[in-house]
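Chains A and D, in that order, give the protein sequences. Just so we're aligned, residue 1 is where the first sequence starts under the numbering used here, counting upward by one. Just so we're aligned, residue 1 is where the second sequence starts under the numbering used here, counting upward by one.
FYI, nobody ran anything at the bench for these hints, they're computed from the structure. Treat the hints with care, as some may be off.
[To be verified] Simulated DEER-style distance windows between Cβ atoms:
| hint | chain 1 | residue 1 | chain 2 | residue 2 | range |
| --- | --- | --- | --- | --- | --- |
| 1 | A | R37 | D | T191 | 22 to 32 Å |
| 2 | A | E216 | D | T232 | 56 to 66 Å |
| 3 | A | F312 | D | V11 | 45 to 55 Å |
| 4 | D | V11 | A | R37 | 19 to 29 Å |
| 5 | D | R258 | A | W76 | 34 to 44 Å |
| 6 | A | R126 | D | V250 | 52 to 62 Å |
| 7 | A | R310 | D | E161 | 39 to 49 Å |
Backbone N, C-alpha and C fix where the C-beta goes; we use that ideal spot for every residue, glycine too.
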Amino acid sequence: MARELTSSVSPPRAVEARGGGRAAHPPARSPRRRGARGWLYVLPALAVYLGFAIWPALNTLRLSLLTWDGILPATWAGFGNYVEIFQDSALYEAILHSLVLIIFFSFIPIGVGLLMTALLMGKVRRGMTFFRVVFFLPQVLPLVAVGITWRWLYSDAGVVNQFLDLVGLGAITRAWLGDYQLALVALGLIGTWVMSGLCMMLFLTGAQKIDPSLYEAAKLDGAGSFRQFRHVTLPGVRREITVAGVITTIAALASFDLVFVTTNGGPAGQTNVPGLLVYRLAFNEGDIGGASALAVVLTVIVVAVVSAVRYFTRDES
Amino acid sequence: MRGGVSLRYGVLVLLAVMILVPFAGIILAALHPPGSQLNGLSIPDQWSWENFTLAWERGNMTALMRSSLLIAVFVVPLSVVLATLAGYGLAILRVWGHRTLSFAFVMGLTLPIELIVVALYFNLREVGLTNSYVGIILAEAALFMPFGVYWMQTHFSNVPEELVEAARIDGARDLIVLARVLVPISWPAITTLSVLYFMWSWNQFMLVLVMMQDPDRRTAPSGLGLFVGEHTTDIPLLGAACLIVIAPIVVVYLLFQRSFVSGITQGAIKG
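Based on the sequences and whatever the hints tell you, model everything.
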């Protein structure tokens, strides 16, 4: 789901810029009447969106204030469910885990994406399309299939251990997703594998819009390819870095599919994430109020972190 | 200089290998005899294709694939048509309150599905839409609506104003302007949106897991997610099942590679 959240939060600029253009239309009909009939075009989309996304979202807010098992009459809980989230160590830790995942879903992929971009820019022409298509491929697969594949790669007899044996690190082989200390890291690295190509594709798109004369100028000043990247490409893709940060952060915080099929929260809750607990509380344990409250807290964290990402990577100019 | 280029290619190839090894692993695994124990990457003694038939039968794949296709076949046109109409209303007709409305749609891009899915289940249960294709189709259309409206609105607002005005002077009404002028020049944008919608619909997991209890009407990924629980140790079988489920999306990706990538990147950046 997180993959379709591919955008920043502000409305498109182009639309605002054209706001003043209304007077230019021929005054055949009064703008007011046209505006009213125009609603007919927006209404179907709005109805579906309100009915199947916004209405349930508001209902989740209401449910979060109740004690309800989904069957018997609900009782009022006030903010009790919220208090519980911060007192129940399992729920609290799940939130921390999802914050740790940001490192693997967001920070490292942005770094790897920048590396891929640097390598694919400039001299490399041959095979460019091939590398782009391959690097982006993990991004289009259902995460369930990705999870099942990696479960096997990480297993006792899996490819990861086979490789470690081969390079003489046989001593550290283990069932990675079952390791109490390292399961979360192992899970996170699957996210790195999935997200790096997305970051690369965003940066490449941004880099293509950079004025070539900037590179010429840098070359004349004697800058090598590394310094050109550092001083021309990097500032040029600033906006794309923000976007990548937003998308990948949401994917980390709201992760569910991968965790569900790889570890299901184990070992001993070490890879619990809020999405998994929302599902489990609501549909296995019948604690609808708790599940809803956790979903609301998760949403608040997503909005807060996304705002922070946008704030810290904002354009100074 | 020459050394620099080979170093570049060296790192690129290394990265490509790291991306591709999991695929190689799962393909090789699927070609081993059913039920065999595997040790890392290994070439099977004899290529065995039975896993695909076995996975298809045991995984109830005929039903799963049918559900996935059925849902996508309704979700994609429905969402694209609604998003196109709304984008037109917001960008060209500039309905009363279009800025607030645009903002309300765009807001939806940050809402995690977790916020929606619990209450949605109980809301749909009240009206008898759980365990139903209709419920899933409408829910997916709603989830994808923020992106689609935003996408079509941005696209339409970049269309030269003169085109629309010329059509109006010729006496074209709103619907004709959309159908005869805007849609024909917007096929690339509409194709891209359709391809993205197909991918999201095909890959959707949590929503289907919650809304669809009937095993015969689950989608391919959600069926796969439960299949793995029953066959944890039979890696060749699981590998084959994975490959069956990812095949359609990989084909779509390779066919529409260009619009795919431009969709995801432009969609993300245009804001």
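Going back to the hint list, which numbers does this structure go against? Violated hints: 3, 4, 5, 6 and 7; rest satisfied.
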